[in-house]
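*Asks:* Fit chain B to the known structure of chain A by using the hints.
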Amino acid sequence: MNKTDVLIIGAGPTGLFCAHQLGIIGLSCEIVDSLDKAGGQCIELYPDKPIYDIPAIPECTGEELTNNLLKQIKPFNVNFHLNQRVEELKKINDRWYVKTNGNKEFDVASIVIAGGVGSFEPRKFPVKECEKFEGNSLFYAIKDKTIFRDKTISIFGGGDSALDWAIELSNTSKVNLIHRRDGFSGAEASVQKVKQLNDQGKINLYTKYQLDSVAGEDKINSVKIKHDEGEIKEIKSDYVLGFFGLIMQLGPILSWGLNIDKKKVEVNTENFETNINGIFAIGDICSYPGKLKLILSGFHEGALAARGCFKYAKPDEKLRFEFTTTSKAAQERLGIKSD
Amino acid sequence: MPKITYKTEDDKIYTIDVQNGLTVMEGAIQNDIPGIDADCGGGMSCATCHVYVNEEWIDKLPVKEDGEEDMLDMAFEPKKNSRLSCQLIVSDTLNGLVVNIPSKQG
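Those sequence lines, one after another, are chains A and B.
Residue numbers for the first sequence follow the numbering used here, so the first one is 1 and each next one is one higher.
Residue numbers for the second sequence follow the numbering used here, so the first one is 1 and each next one is one higher.
For the record, the hints were derived by calculation from the structure and aren't laboratory data.
Just so you know, these numbers come straight off a predicted model, no measurement behind them.
Ideal Cβ positions, reconstructed from N, Cα and C, are used throughout, including at glycine.
Be a bit skeptical, because a hint or two may be false.
As the list claims (entries may be wrong) - Covered, in the sense of this in silico footprint (three residues per stretch, anywhere, with C-beta under 8 Å from a C-beta of chain A), are these stretches of chain B:
1. 14 to 24
2. 76 to 85
3. 89 to 99
Claimed, not checked - Pairs of lysine-lysine residues, derived as DSS-like cross-links and limited to a Cα-Cα distance of at most 27 Å, are as follows:
4. B:Lys7 <-> B:Lys60
5. A:Lys132 <-> B:Lys104
6. A:Lys318 <-> A:Lys3
7. A:Lys151 <-> A:Lys202
8. A:Lys124 <-> B:Lys64
9. A:Lys233 <-> B:Lys79
10. B:Lys7 <-> A:Lys226
11. A:Lys124 <-> A:Lys90
12. A:Lys104 <-> A:Lys128
13. A:Lys195 <-> B:Lys79
14. B:Lys64 <-> A:Lys226
15. A:Lys193 <-> A:Lys208
16. B:Lys80 <-> A:Lys124
17. A:Lys99 <-> A:Lys143
18. A:Lys128 <-> B:Lys7
19. A:Lys91 <-> A:Lys124
20. A:Lys226 <-> B:Lys79
Unchecked claim - Residues from chain A that face chain B, not an exhaustive set, calculated with beta carbons under 10 Å:
21. Lys49
22. Pro126
23. Cys130
24. Phe184
25. Leu246
26. Lys263
Isolated chain A (complex conformation) (with noise of 0.2 Å):
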């Protein structure tokens, strides 16, 4: 069980920035998030994009501001758990408990629910039949790789995790791989590789096919595709990769209780407090009047939600305003040695 004053749900921007706003005022959090890095949105989506409109950074790309909010909040040490998404959450006297479907326990004093619009989840096949093969000959993320040594393999995708698996797989298996249009979206380097690759015979390239139908009984022997013209072609596979990138689903958030309106949550601006006590919403996943989905708005929105969780993780204190050029507190706590 992991005890702390406050659970952030979500290390995107807003996240880490409302961690930085608990740390200053003495307050202690941890993060959980269901991607396997920190950045949300800013790191799944854009890494590469730059942001020209935070404050006083003319441009920045999505993964300099997450590595820099990292290094602001880390004088606090605040503990991360990736991979996890919060599943279950229950009121036991005036705390509160969570899980994660990792079975990661925490008893906390609120919670701050930054979860942009939801947890990122592949993208699946349109074709129905693909759900009985998940987990077993069909994958949309790779786990153990020696299972498809000396197998035939489908992988459907023109981007990065297609191409990259693709070729690191034609070294131990057969493989086809199955793109919507002659472009990709990977990089040029790998699109050229895939290219050899093919022309050598050690990867079989079908462009402009996508998935028609899956068949086998137990697990799959062989994938139909179709062409845009509409020429159909069976192929025998053994497993079945498909690399579509990630969607976002707000999931087990939606039955807490909370009040939901077109898959944000409702708070006020005093505080960004939901209408659960103790249950805090900030960010992308927050609705208001007013609301900007901007990342400074995340930020403010952050900024008042810590001072919202103090009372419930210290009741009996009050809690002062400070700034950090000037309160000794707030600087040690940062870390910085006065002279």
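*Replies:* Chain B alone, transformed into the frame defined by chain A:
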């Protein structure tokens, strides 16, 4: 104001006046048309505002940027007439555009 028609999978038809300069995605979101999620808010980075444009409109629309085609690779059941509605800026020349909303966005 240009009229944009949104058709859902279950054949519900919404014809909306959308102001010049807004995107087809924004027209849908502001009018609560179901089936267009626009998770990333118009940043061409999520493919959840995917629509199929009616055949006769394919060549009349501004051509896709590379980034749009890359994102469409991620969309649910992309076809030749697939577009991201956040990249279609409404103007008088788009008056009468019909877009079909897919059964799912992901």
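*Asks:* Please go over all the hints and tell whether each is borne out by the structure.
*Replies:* To see whether the hints hold, each was checked on the structure:
Requiring three or more residues with a Cβ within less than 8 Å of a Cβ of chain A, the coverage given for the region 14 to 24 of chain B is violated, as only 0 such residues are present. Residues of the region 76 to 85 of chain B with a Cβ under 8 Å from some Cβ of chain A number 4, which satisfies the need for three, so the listed coverage holds. Coverage of the region 89 to 99 of chain B by chain A is violated in this model, with 0 residues showing a Cβ closer than 8 Å to a Cβ of that chain against a need of three. Among the hinted pairs, Lys7 of chain B with Lys60 of chain B is consistent with the structure: their alpha-carbon atoms are about 19 Å apart, no more than 27 Å.
Proximity of Lys132 of chain A to Lys104 of chain B is assessed by CA-CA distance (about 19 Å); at most 27 Å being required, the pair is judged to hold. The hinted pair formed by Lys318 of chain A and Lys3 of chain A meets the criterion: a straight-line CA distance of about 22 Å does not exceed 27 Å. With a C-alpha separation of about 13 Å, the suggested pair Lys151 of chain A and Lys202 of chain A falls inside the 27 Å cut-off, and the hint holds. Straight-line distance between C-alpha atoms of Lys124 of chain A and Lys64 of chain B comes to about 24 Å, which keeps the hinted pair within the 27 Å bound.
Distance hint between Lys233 of chain A and Lys79 of chain B is fulfilled; the C-alpha atoms sit about 18 Å from each other, no more than 27 Å. Distance check on the hinted pair: Lys7 of chain B and Lys226 of chain A sit about 26 Å apart at the alpha-carbon level, within 27 Å; holds. As the CA atoms of Lys124 of chain A and Lys90 of chain A are separated by approximately 32 Å, the hinted pair breaks the 27 Å bound. Our distance criterion of 27 Å between C-alpha atoms is broken by Lys104 of chain A and Lys128 of chain A, whose separation comes to about 33 Å.
This hinted pair checks out: Lys195 of chain A and Lys79 of chain B have alpha carbons roughly 24 Å apart, not beyond 27 Å. The suggested pairing of Lys64 of chain B with Lys226 of chain A holds, with an alpha-carbon distance near 24 Å, which does not exceed 27 Å. Taking the CA atoms of Lys193 of chain A and Lys208 of chain A, the gap is about 19 Å. The hint holds against a cut of 27 Å. Our distance criterion of 27 Å between C-alpha atoms is met by Lys80 of chain B and Lys124 of chain A, whose separation comes to about 20 Å.
For the hint pairing Lys99 of chain A with Lys143 of chain A, the CA-to-CA distance comes to about 24 Å; that is within 27 Å, so the pair holds. Proximity of Lys128 of chain A to Lys7 of chain B is assessed by CA-CA distance (about 23 Å); at most 27 Å being required, the pair is judged to hold. This hinted pair does not check out: Lys91 of chain A and Lys124 of chain A have alpha carbons roughly 35 Å apart, beyond 27 Å. For the suggested pair Lys226 of chain A and Lys79 of chain B, the alpha carbons sit about 12 Å apart, so the restraint of at most 27 Å is met.
Against a cut-off of 10 Å between C-beta atoms, the interface hint on Lys49 of chain A holds, since the closest Cβ of chain B lies about 7 Å away. Nearest Cβ of chain B to the Cβ of Pro126 of chain A: about 5 Å, under the 10 Å cut. The hint holds. A hinted interface residue such as Cys130 of chain A counts as satisfied when its beta carbon comes closer than 10 Å to some beta carbon of chain B; here the least separation is about 13 Å, so the hint is violated. Among the interface hints, the one on Phe184 of chain A holds; its C-beta lies about 8 Å from the nearest C-beta in chain B, closer than the 10 Å criterion.
The restraint placing Leu246 of chain A at the interface with chain B holds, with a minimum CB-CB distance near 8 Å, inside the 10 Å limit. Nearest Cβ of chain B to the Cβ of Lys263 of chain A: about 8 Å, under the 10 Å cut. The hint holds.
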